[in-house]
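Asker: In case you want the letters, here they are:
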Amino acid sequence: MTVVTTSRVKMTATPITRVLGVLALAATGLMALLGLVVSPADVVQGEAVRMLYLHVPSIWIAYGAFVLTSVSSVLFLRRSKRRADRGRHYDRLAGSAAEVGVVFAGITLITGMLWGKVTWGTYWQWDARLTTTILLFVTYLGYLALRRLPADPMVRSRRAAVMALISFVNVPIVHYSVDWWRTLHQKASLSVGRRPEITGEMYWTLLYSTVAVTIVAAWLIIHRYRVIRLEELRDEEALEALISSRLTKDDGNN
Amino acid sequence: MSTVVKFEKVVAVAGSFPVLTGLDLRVDQGEVVLLRGENGAGKTSFLRTCAGLISVNSGDACVLGFDMRVDRRAPRRYIGLLGHENHLYRDLWVREHVEFRAAAAGAVESDTDAALEKVGVPEQLWTVPIGSLSAGQRRKVAIASLVVGRPRLWLLDEPHATLDTKSRENLDLILGEASASGATIIFASHERPPGNGLASRVITMGGGRVLEDSGAR
Amino acid sequence: MLAETLLVARKDLRVEWRAKVALGQVTPLALLILVVFAFALDANTSLLKLGAGGLYWVAVLYGGTLLIQRSFDVETDDGNMDAFRMSAISAPSLFLGKALALFVQIGLLELVLGLGIAFFYEVRIVDWALLLVAATAGTVAFSVCGVLWGVMSAGLRVRATLLPLLLVPVLTPVLLAGSRAFETALGVRADAGWTWASLMFVIAAVHTAIGLGAFGFLLEEG
Numbered sequence: 005m006t007v008v009t010t011s012r013v014k015m016t017a018t019p020i021t022r023v024l025g026v027l028a029l030a031a032t033g034l035m036a037l038l039g040l041v042v043s044p045a046d047v048v049q050g051e052a053v054r055m056l057y058l059h060v061p062s063i064w065i066a067y068g069a070f071v072l073t074s075v076s077s078v079l080f081l082r083r084s085k086r087r088a089d090r091g092r093h094y095d096r097l098a099g100s101a102a103e104v105g106v107v108f109a110g111i112t113l114i115t116g117m118l119w120g121k122v123t124w125g126t127y128w129q130w131d132a133r134l135t136t137t138i139l140l141f142v143t144y145l146g147y148l149a150l151r152r153l154p155a156d157p158m159v160r161s162r163r164a165a166v167m168a169l170i171s172f173v174n175v176p177i178v179h180y181s182v183d184w185w186r187t188l189h190q191k192a193s194l195s196v197g198r199r200p201e202i203t204g205e206m207y208w209t210l211l212y213s214t215v216a217v218t219i220v221a222a223w224l225i226i227h228r229y230r231v232i233r234l235e236e237l238r239d240e241e242a243l244e245a246l247i248s249s250r251l252t253k254d255d256g257n258n
Numbered sequence: 668m669s670t671v672v673k674f675e676k677v678v679a680v681a682g683s684f685p686v687l688t689g690l691d692l693r694v695d696q697g698e699v700v701l702l703r704g705e706n707g708a709g710k711t712s713f714l715r716t717c718a719g720l721i722s723v724n725s726g727d728a729c730v731l732g733f734d735m736r737v738d739r740r741a742p743r744r745y746i747g748l749l750g751h752e753n754h755l756y757r758d759l760w761v762r763e764h765v766e767f768r769a770a771a772a773g774a775v776e777s778d779t780d781a782a783l784e785k786v787g788v789p790e791q792l793w794t795v796p797i798g799s800l801s802a803g804q805r806r807k808v809a810i811a812s813l814v815v816g817r818p819r820l821w822l823l824d825e826p827h828a829t830l831d832t833k834s835r836e837n838l839d840l841i842l843g844e845a846s847a848s849g850a851t852i853i854f855a856s857h858e859r860p861p862g863n864g865l866a867s868r869v870i871t872m873g874g875g876r877v878l879e880d881s882g883a884r
Numbered sequence: 011m012l013a014e015t016l017l018v019a020r021k022d023l024r025v026e027w028r029a030k031v032a033l034g035q036v037t038p039l040a041l042l043i044l045v046v047f048a049f050a051l052d053a054n055t056s057l058l059k060l061g062a063g064g065l066y067w068v069a070v071l072y073g074g075t076l077l078i079q080r081s082f083d084v085e086t087d088d089g090n091m092d093a094f095r096m097s098a099i100s101a102p103s104l105f106l107g108k109a110l111a112l113f114v115q116i117g118l119l120e121l122v123l124g125l126g127i128a129f130f131y132e133v134r135i136v137d138w139a140l141l142l143v144a145a146t147a148g149t150v151a152f153s154v155c156g157v158l159w160g161v162m163s164a165g166l167r168v169r170a171t172l173l174p175l176l177l178v179p180v181l182t183p184v185l186l187a188g189s190r191a192f193e194t195a196l197g198v199r200a201d202a203g204w205t206w207a208s209l210m211f212v213i214a215a216v217h218t219a220i221g222l223g224a225f226g227f228l229l230e231e232g
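Protein chains in written order, with the numbering used here: chain A, 5 to 258; chain B, 668 to 884; chain C, 11 to 232.
Watch out, some of these pointers could steer you wrong.
[What the hints assert, rightly or not] In the DMTMM-like style, the derived pairs of lysine to aspartate or glutamate whose C-alpha atoms are separated by at most 25 Å in a straight line are:
#1 B:K673 to C:D88
#2 B:K676 to B:E879
#3 A:K85 to B:E879
[Claimed, not checked] On the chain A side, residues computed to face chain C include the following (Cβ under 7 Å):
#4 V23
#5 L24
#6 L139
#7 V142
#8 T143
#9 G146
#10 A155
#11 R163
#12 I170
#13 I177
#14 S181
[To be verified] Computed footprint of chain C on chain B; a stretch qualifies when at least three of its residues, placed anywhere within it, have a C-beta under 8 Å from a C-beta of chain C:
#15 688-701
#16 759-765
By construction, these hints were calculated from the structure, which means they are not laboratory data. From a predicted model like this one, the values you see are computed outputs, not experimental measurements. Ideal Cβ placement from N, Cα and C applies to all residues, glycine included.
Here chain A stands alone, though its shape is the one from the complex (with noise of 0.2 Å):
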């Protein structure tokens, strides 16, 4: 990461992450031109399925985002293990990537309430996906809540890692649960949560989206990095602003 210090970056961009957003803008619109025109309406499901190209792509960057910040705790934590000050960078991955994961995680509840309203009729059904995705979501704001504690910076790091560390197992035997449980509870009259069969065109498209919104995603996560850096570089400064000024105060006198 080439960023110097505070006082002279404004912006967090780099080559990199110039052509990756401008890729990210293009990548977007092509998708959009896909999804809304050139792919087909579906057979049962009309213009609806649709929504399917943001929601099934949200759902993916939601648990992959998820997945992320959990290695990057793990890492952190080993690396923060043999010296205090070390790994920091897992810490700030592991927090930017859960910034990403909860929008997209949003993302997808809306998209997914507004494709039930207009299929089954209702915003919401207790299916296997939502019902998990609700949970992952409310999650994801416990970890964000625990990573702006005021508390000492080692600490919150330390506790937030752990957290992401414990979710990681945890969210799979939520996952297991709730489906097993729908799979068993399912109302014969209600054909819920019976997605689309996704062929041809449609299929492509899919995989296009998906493809498209990890793109905007990691520019996002990019971004959010950098932006917790300076944020560190900043506290840094202070700190050391603070040590000299101790220093160099004549005796006791505070």
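Given chain A, work out where chains B and C should sit, using these hints.
Answerer: Just chains B and C now, kept in the frame of chain A:
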């Protein structure tokens, strides 16, 4: 005589504030050291850093032979820390609490009675919940909890606070006994006159480091 | 390690015995929640009977969270956390000791709540073995998760609201499994009650393993 505490240019940060700013100090076994200084000088932070509760940012810090940058939890079982607070379970009876602390420190539970007698808590209070004691009595129970663990290094933050004259003299006696049997004592105090005769060495702190040391070496 | 664990558990239980918070405040409150459910559901007896399994666990969740909160309030009061950290007792023993004490307290709470649903909701117990095993599994899960997440939010200023926020999503599968297992045990529906009970044990095991490893780490202040 082994070195119990050895700090060289220690910088320690708590939260985002540098509480120790390059502290140099050496304390040998058996010494009784008085820490003085204004509020905010770093006395409490120094005691807590010795106890391993605050991590060392830079510099070398060695307590009871353990390198605090490698494992700051290691010396804790040999240390008795008394902070501003008393670390008491308010709902327990006096004796129950001290018994727990004794067992936690690996001491024999019968040491409890001896410790309580030593600090001067009358026997009729032993079965009283700690929450209903006066501040001075609570402080004495806290000291008894320390006594019962027989620590090698005593770190005391304003131990005489809330104690009456007689109890203060008694505490000085206890500390004197501990020192005589090989323990090292570092205590911070605003007392006037400073725990007189008790301390063999007076250190004045300010701005997170040592300003004056009557027994510098 | 066993001796240290029992020492810590005994201390926690003795504190509770003297203060009588669990007995005097939390349990009546949780029992009251069962009554409140009846108001909310318009005293519809058939509905209450159907939902008894789930409502029981919601009440346990509510009371349990309060008990976990209390368990750590005792430790953060008067700087007791520092004494914990300075203690010669190993961190895993502290973890297990507190979990054991919570197990006893939540267990007693559940006993009362069990009587509550028996009397207020007129349930019939069809499978005693499943009921007891499921209740035990759920209690272990609650206790272990409670200590782990309790220490994570301990000593932090907004912990009273943070603890439930962190704890509840983690406990939802326990709630889910417990409710389904109870429904089978109460004859409400034929279900895979024993599988649900095993799931709760799995959750408990996972959290115990993590707790044993991470507790010491989490205790540190900085």
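Asker: Under 7 Å, Cβ to Cβ, is where A:A155 needs to be relative to chain C, so tell me if that hint holds or is violated.
Answerer: holds, 6 Å
Asker: Can you confirm whether chain C covers the region 759-765 of chain B, using C-beta to C-beta distances below 8 Å and requiring at least three such residues?
Answerer: The restraint on the region 759-765 of chain B holds, since 3 of its residues have a Cβ under 8 Å from chain C and three suffice.
Asker: Tell me if A:I177 is really an interface residue toward chain C, meaning its C-beta lies closer than 7 Å to one of theirs.
Answerer: Cβ of A:I177 sits 6 Å from chain C, so the hint holds.
Asker: Grab the minimum C-beta distance from A:V142 to chain C and call the hint holds if it beats 7 Å, violated otherwise.
Answerer: OK, holds: A:V142 within 7 Å of chain C, min 5 Å.
Asker: Does A:T143 pass the interface hint, meaning its C-beta sits closer than 7 Å to a C-beta of chain C?
Answerer: holds, 5 Å
Asker: Given A:V23 as an interface hint, is its Cβ closer than 7 Å to any Cβ of chain C?
Answerer: With a closest approach of 38 Å, the A:V23 hint is violated.
Asker: Verify the proposed pairing of A:K85 with B:E879, using a straight-line Cα cut of 25 Å.
Answerer: violated, 36 Å
Asker: Less than 7 Å between beta-carbons is the criterion; does A:G146 satisfy it with respect to chain C?
Answerer: holds, 5 Å
Asker: Interface hint check: A:L139, Cβ to nearest Cβ on chain C, cutoff 7 Å. Holds or violated?
Answerer: holds, 5 Å
Asker: For a C-alpha distance cap of 25 Å, please report whether B:K676 and B:E879 respect it.
Answerer: holds, 15 Å
Asker: Quick check on A:L24 please, does its C-beta sit within 7 Å of some C-beta on chain C?
Answerer: Status violated, d = 33 Å.
Asker: Does the interface hint hold: is A:S181 within less than 7 Å of chain C, judged Cβ to Cβ?
Answerer: Check passed: Cβ of A:S181 comes within 4 Å of chain C, closer than 7 Å.
Hint check: violations occur at hints 1, 3, 4, 5 and 15; the rest are consistent with the structure.
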